[in-house]
Amino acid sequence: MLNTVIPIAYALVAFAFLFSFFRLIVGPDAPDRILGLDTLYVNTVALLVLLGIDLGNPIYFEAALLIAMMGFVGTVALCKYLLRGDIIE
Amino acid sequence: MEALIALVIGVLTASGVFLALRGQTFPVVLGLTFLSYAVNLFLFVMGRLAIGVPPVISDAAAYTDPLPQALVLTAIVISFGMTAFVIVLALKARAELGNDHVDGMHSDEDAAR
Amino acid sequence: MLEFLLSALILTGAAFTFIGSLGLARFRDFYTRLHGPTKATTLGVGCLLIASSIHFSVDGDLSLHEVLVTLFLFMTAPVSAHLLAKAALHIKAKSLAPTPDEGSGQPPHSS
Amino acid sequence: MTLFFAVLTPFVGAALVALASRLGRSYSAWAAGAVTLAALLWLAPSFPLPFAGTTLIQQHDWMPALGLNLAFRLDGLALLFAGMILGIGLLIVLYARYYLSERDSMGRFYSYLMLFMGSMLGIVLSENLIQLLVFWELTSLSSFLLISYWQHREEARHGARMALAVTGLGGFAMLGGFLLLGHIVGSYELSDVFASGDLIREHPLYVPTLVLILLGVFTKSAQFPFHFWLPHAMAAPTPVSAYLHSATMVKAGVFLLARLYPALSGTPEWFWLVSGAGLATLLLGAYVALFKHDLKGLLAYSTISHLGLITLLFGLSTPLAAVAGVFHIINHATFKASLFMAAGIIDHEAGTRDMRRLNGLWTFMPYTATLAMVAAAAMAGVPLLNGFLSKEMFFAEAAHISADHLGGWTLAALVTLAGALAVAYSIRFIHEVFFNGEPTDLPRTPHEPPRWMKVPVEILVVLCLVVGIAPALTVAPLLAVGAAGTLQAPLPEYHLALWHGFNPALAMSLIALAGGATIYALRRPLFALQERYLDRLDARVVYNALLDALFALSQWITRTLDTGSLQRQVFFFLVAALLLGLAPWFGSATPLAGNRQGLPLDPVSLLAGFTLIVASLATVWLHRQRLVALITIGVVGLVVSLAFVKFSAPDLALTQLSVEIVTIVLLLLALYFLPQHAARERNLGRVWRDGAIALVAGSGTALLAWAVLTRPYDTIAGYFLDNSVPGGGGTNVVNVILVDFRGYDTLGEITVLALAGLGIYALLENLRLDAPDRDAAGRAWNRDPYPLIMATLTQLLLPLALLVAVFILLRGHNQPGGGFIAGLVTAVALIVQYLAHGSAHMRERLSGATQPVIAAGLALATFTGLASWAFEHPFLTSTFGHMHWPVVGDFELASAMAFDLGVFLVVVGATLLILVNLGALHDSRIARKAHR
Amino acid sequence: MNGLAMHLPILPVLLPLVAGIVLLTLRSAPLAAQRGISLAATAALVPLALALLATASDGTQLVYKLGNWDAPYGIVLVADRLAAWMLMATALVALFALLHALRGDDVKGRHFHVLYQLQLFGLNGAFLTGDLFNLFVFFEILLLASYGLLLHGGGRLRVKAGLHFVVINLVGSTLFLFAVGTLYGVTGTLNMADLAVKLARTVPENLALVEAAGLLLFGVFALKAALLPLHLWLPAAYAHTSAPVAALFAIMTKVGAYSILRVYSLMFGADAGAVANLLADWLMPLALVTLVAGMLGAVAATALRQQIAYLVIASVGTLLAAFALDSVDGLAAGLYYLPHTTLATAAMFLLADPIGRARGERADRFEPGPAMPGAPILGGLFFAAAIAMAGLPPLSGFLGKFMLLRAALESPWLTWLWSAVLATGLIGVIALARSGSLLFYRTHSTTEKLPAPGTADWLPAAGLLLLGFGLVLWAGPVSDYATATAAQLLEPQAYIDAVLGGRP
Amino acid sequence: MKRLLPHPLLTLTLAVLWLLLVNTFSAGHMVLGLLLGWLIPFATRSLWPQSVCIRNVPVLLRYLVVVMHDIVVGSFRVARLILGRPSSLRPAFITVPLELKTDLAISLLANTISLTPGTVSVLVSDDRRTLTVHSLDTEDAAAMVAEIKHRYEAPLKAIFESC
Ligand code: NA
Ligand code: NA
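Chains as they are written, first to last, in the numbering used here: chain A, 1 to 89; chain B, 90 to 202; chain C, 203 to 313; chain D, 314 to 1245; chain E, 1246 to 1749; chain F, 1750 to 1912.
The hints are simulated quantities; they were obtained by calculation from the structure and are not laboratory data.
None of the values given here were measured: they were computed from a predicted structure.
For every residue, glycine included, the Cβ atom is placed at its ideal position computed from N, Cα and C.
Among the hints, erroneous ones may be present.
[Said to hold, decoys possible] One side of the interface only, derived from the structure: several residues of chain B facing chain E at Cβ under 10 angstroms: (1) A92; (2) V106; (3) T114; (4) V134; (5) D148; (6) S168; (7) T172; (8) L178; (9) K181; (10) A184; (11) G187.
[Unchecked claim] According to the in silico footprint, chain D covers these stretches of chain B (three or more CB under 8 angstroms from chain D): (12) 95 to 104; (13) 119 to 132; (14) 136 to 146; (15) 149 to 157.
The task is simple: from the sequences and hints, build the whole structure.
As structure tokens, then:
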């Protein structure tokens, strides 16, 4: 059962990835693009979790954790840039 | 898969080269970042591509080549330091030269000398 | 039974991930786009993480560290969304609904 | 050692003389005299040897393996020249004492003079050719100093540079010539060279050797067409001219002709080149001398002419001609030195050297006039004076050769013409200076010079006379020994006497005397002709044109290459790299792809690859919208980390992810101070060109990667996999490589990071940038610097993030992670606090001292490495062990962990240093404003 | 061997590193203390280099296995004659440049001494390493330190030059990694001795690939060495940085030259089988063109420091022409020329500083200026330095040139090399005579208050010149050592055996 | 005590998180977890708010359950809207008057709103008296405000603002 579910899940997440990327490229405004990037990061977490389950190797967990953390930091920094220009003031 | 990776390395290099040849500091920095992606990926795949065999000793039968990974790690750190430096230098140049052209000029015409 | 649960979780998770991003791609203004990723995607990834946790716990030792990522995502997603919305409001991104004033948060007089 | 010391003495003396000048003006002169005498004394004991037919050779090892030793030689020729150099040198020292004015630095003058004297002495006493060349170039250098002695005068500076350039040209050519000669002979020692005369002359490299050496000779001895520097060198003080242009510098060239005569002469090439140049110089010099209004100019061209004469004699390649050449060297030195000194006296006393103004000085300085007249007569070749004797020998040889060679009497006629011209300019020198009416408009009223200024002239003039009258009793032994030294063979039959009976030579002498008088009498139409047409013909014009061309060419090439454009540099480098990378493939049988089995392509990878490519191209396309480019490049970084994950490199993925975010934060910090948008480029040609280069570079690297990836390879990786646990105590092989197998790389890597931090810190000091008060679209910034929700919640995240960092640090040795990633996570966690709360808030709560953290990290890593010394193991040797504590249980401790902790600290310190200081740029500006 | 002697090869690397760390720790200590530490650490490099020279002089190739891992798995340091030679040159230049810096340049910005020590760490590490990737790492260290030093003090032109220097070198580093990566991808090793063994066995189907990697590596080294047309970074960088840094940079181009010599004698030399003599067609023409272009640049220069910078380029051409001869005599000539040109260039840069200052606002520009105070001593030293740089007797430049020309006698490049070397020699004389004459002779009186140079202003330069004169006085032993070094480089098997311990 | 152990609750939380992180529940890691749980807050104590007071733990637990339930429900609702016709949406900005005073409580409320049915917190007014929320599909704005205040704000006030 997992063998059929996982490819479907891959496909769904891949499309999610593509949609986010589409928004990132198309914009039109900077917040749209940042939101696209942020979602792309979260999609990547999903992808990594899937990969971990698929390969049966828990070694991808740290990458997922870090992506979640770093995606957040990136979004915060980019938003702060839009709001204030100077991100560390 | 090898062809895709080769293509990706090529695109990264091409983007890096094009941007590194621009006249303003910011695209040059982006170009250098691209080049470091390209070369890190290149150096990494010199250990050949392998899926699901990370070089962490377990009861697995095979492992990928760990050496290029260690080299790339070193290279990433170094290029991070370099990128940071060049970014700050770009700011310094902006302050000293009055604009963000790499040669301290305003127009493309001047730069095309 | 367990495999069924696992499959259901994975499928649900993937589906929500998909739907969240679909909303991002589909909707017509920034503020409506914001909802998909903030809720659906977060829940989707959460489901996948729980699936992973179950998957690895069954294979060997208890694997609960996925909870950590989930926790982390649930803590950060709303903050990101808030900041993004604030930024959009600041740059006066196109909005289907009349936008409130940046300082007081009051709706514009016209509405 | 005596010869070596003789040469060394003037060099050491130069310093003494300079020091002596501090005691007083005369002390320099005394010291210089003493130095000259000392050199003479070193040589004196050896003087009898050449007369006894012995050649003294002294050797000292210097670079024996290269055939370059200090080797000195005292034979007849060397003796003759050494005597002239020191003897006339002594007279010059005396003369200059009175010549130089109060304003001139005595110490500097005599010091240069001693340098020059030592160099000259070195040339003539050298046994080794390369050593000879060393002294040869030293004469050029010291004469540069002497000629430019009056450096405030433009003609002195120009003259000196010209002399240096022309003689420098010769010197470099001669270096080539000597190297070839040494190559042919197998030794640079003159003894060996003399013994290999036939070998040399028959060698295929003979002609290039000869030409190169002659270039040296001709430039130094001012032979046509290199003669032009000499008149300009007259800008030197007259004692210098008297010394350099009579007995020494210019004689170095003819000395070398004489020196190498046994080895190189006797071939048609030698004959035509040497005597051809000599004849041309003889005639040209004599002709031009006639028209010079400047006394020293006249003497200079006369010198050129006489050097031509000597050169011509050596070119004739007969032993008798060589003897005549040596004889004329002696005679010319005596009369020309005295004439220069006389000219100097006139200049000194009358304040000008212009013969159009100098008239009738006989009435003011009859004694000096008498001396000058005798010397001039010697120069003209008047009987009873030494010049007559050697010139007659010259005429005889010319006549003799003319009889033998094609062209019949042409040579005889031409040398007679030259003789006539010499007579004419000698008459002019005497007549126009001492007679010819009253002086016009002289700066001062001339009178006789001080007593001791005349003495050197007197001595030389007396020598001219006694040699001229009784050669056999005076100069004969010296000439014999000098000629023998030249020929390195038994001397030919010759007879030194005033009267040789009626012969062609006598006829030629008489014709020359009569002709000279006639020419002088008819000088006015000649002068008019000369001034009208021929004055413009000057080799200096060619020299200047060449020099101008050199400067123009240099400037053109340099400016064409170096426009100060970075883009150009990068472009050159890329093109060079492409050429280098592509070159081996042309005409090579190497196939591009190998036969290794690849991995299948899966849809998700394809999607990721597609995303990366689109994001890259989007970045390139949108790079002028900078924030957008930053976001798209973020995607690229993310996908690259995904590739690391996919292909079994979790450590790399973690590192790439963390670096990515820090880089984006950095770029955002920077972007604030940079333009948000860039204008479209107007130079589309450049865009296309760069696009093409990018395409080729991209294809090149893609193909390179493809070529490697499709090939099998053997690697040393197996060793690391096998030894990681037993030898390194860790299961994460990448980490074990980083902290153990190749810990040295890592030490270097963290040093780079520390350096980046410190360098940035230094860069940021005093950096002031204008902070824009509104964004790119012209909107004012948001009023809320620290949004509440962000501030509150990021604070909650800090301990969590730090916990993760510790986790990553501690497990790095066995699982993906390690000091670097942990350091970045820590730094990022702290940076988020800065983002949320601002620098001021953080400064209040956290000591901003990141540099001690860096230092501690570096120190920890280094001293962990050094600890292995205690166990007599090399630097960075690791150790590990398993511990058991109650409650806690089993765990492993490895020295590599301490090393990794060092890495962690450096990363945290450096990253924070960079980000926080960059973030504080704006802050400091506000603070500054507030302060004002 | 035990005690410190056992660790001799790594001491020249660790000493500056530890000094750098100590200086960073004590960054708020009194200036005198910081200077003392920096100076002591730098001075101590001289006896260390001497000890290594003494050890290497009998042909010993000390191998230091870092982490006690055997080559080719771990990184090794190899202290052979060449490495010791480079260390010596570095130590001497560094010491005198530092002495010059102590008269005030070191306090014009932050962290001068830390950067300086880490620069030495990078340089010495690069000269000693036996591992290609480690060479990359040390290149980066020395580059980043040099960025910091180059920009030390700031100023418009300096920042622009620094930006160019940094960017071009970053592109260069990228290429380095591409080349190293390819070599690893084909041979599976990084140790240079092991690479030499493996490269010599290159199969025909990998030949072009390996050659491409080898040539790309050459591109990198050529950039560092400032070989035409990759020299454009150098004139501005050297001309606009501070004097002691420019003097220290005299050794920087030599790192490129060193790497070319090391890599192409060891890995692509005559014994390298299919990949033998890889550079044969490239190096000599490029070197000669560099020599000519450098010298023409020196003629075209409009200021003294710019002129010296171009002379550096010319000297790189000369040096690499010597190496390109690929014979014992040729390499020996180059190895003799190397310390000469390093010392002379450094001295010249150190002199340009007080000269520029003594000329007031004219600085070192080639235009008539005020009569400078201290002209006799500065002029005398300039004269000596110019003689050395122009390759005139009796200084070491002449001997180097003599050895080079002599070595070329049997070369097919004889005519080209001789023409280039002799002609540029003359051009150099003309250029330097012009600048000396302009700076020292063509002066006018002035009311400008010009500072008279103190002893400290010229003493380090004089010291360097004196050292250069030592190369003349002891030309015999020095050239013997250079010849022995050359012989050692052309017989790489001993190096390989020493590193790999005789393993295949 | 306060000084040495600034945030006992946090220490415990971190220790638990550590065990989650290392995925091992050995004694050694418990010790290490507690150690880190103490060390990290201690080392960063200057960056922490004076203290977080939590009363009413049962309310907290009930609140968590409610929120989790709402997240799931809210996600399904949003999913339906996403899959439906975008033009049928009725987006609106809604102003929620705030009674909460503390930073933490306001932030948590905002977060909760963002995670639950069709709303995202957009803005806290400068005077902190109102919270502006964007609603994806608005039927009755007033009812929505009431629901938020009742369902989330009240318990949060009870948990964090009753000391
Ligand atoms: Na988020
Ligand atoms: Na140099």
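**chain E contact restraint for B:D148 - C-beta distance below 10 angstroms** = Given a least distance of 24 angstroms, the restraint on B:D148 is violated.
Quiz item: Can the hint on B:T172 be confirmed by a CB-to-CB distance to chain E that is less than 10 angstroms?
Solution: Nearest chain E Cβ about 8 angstroms off; hint holds.
B:G187 was flagged as interface toward chain E. Is the shortest Cβ-Cβ separation under 10 angstroms? holds, 9 angstroms
Restraint check, 10 angstroms cut-off on beta carbons, for B:V134 near chain E:
With a minimum Cβ separation of about 8 angstroms from chain E (threshold 10 angstroms), the hint on B:V134 holds.
Can you confirm whether chain D covers the region 136 to 146 of chain B, using C-beta to C-beta distances below 8 angstroms and requiring at least three such residues?
Since 11 is at least three, the answer is holds.
task: Let me know if the C-beta of B:A92 comes in closer than 10 angstroms to any C-beta of chain E, holds or violated.
output: violated, 16 angstroms
Should the hint that B:A184 touches chain E count as held when the rule is a Cβ pair under 10 angstroms?
holds, 8 angstroms
Satisfaction of the B:V106 interface hint, Cβ to chain E closer than 10 angstroms: The hint holds - B:V106 has a Cβ within 10 angstroms of chain E, the shortest such distance being about 9 angstroms.
At a threshold of 10 angstroms, is the proposed contact between B:L178 and chain E supported by beta-carbon distances?
holds, 5 angstroms
Whether chain D covers the region 149 to 157 of chain B (at least 3 residues having a Cβ closer than 8 angstroms to its Cβ atoms): Holds, because 5 residues of the region 149 to 157 of chain B bring their Cβ atoms closer than 8 angstroms to Cβ atoms of chain D.
Within 8 angstroms of chain D's CB atoms, at least three CB atoms from the region 95 to 104 of chain B: coverage verdict: Held - the region 95 to 104 of chain B has 10 residues with a Cβ nearer than 8 angstroms to chain D, which meets the minimum of three.
Closer than 8 angstroms, Cβ to Cβ, for at least three residues: run that test on the region 119 to 132 of chain B against chain D and report holds or violated.
holds (count 8)
This entry does not satisfy hints 1 and 5, going by the numbered hints stated previously.
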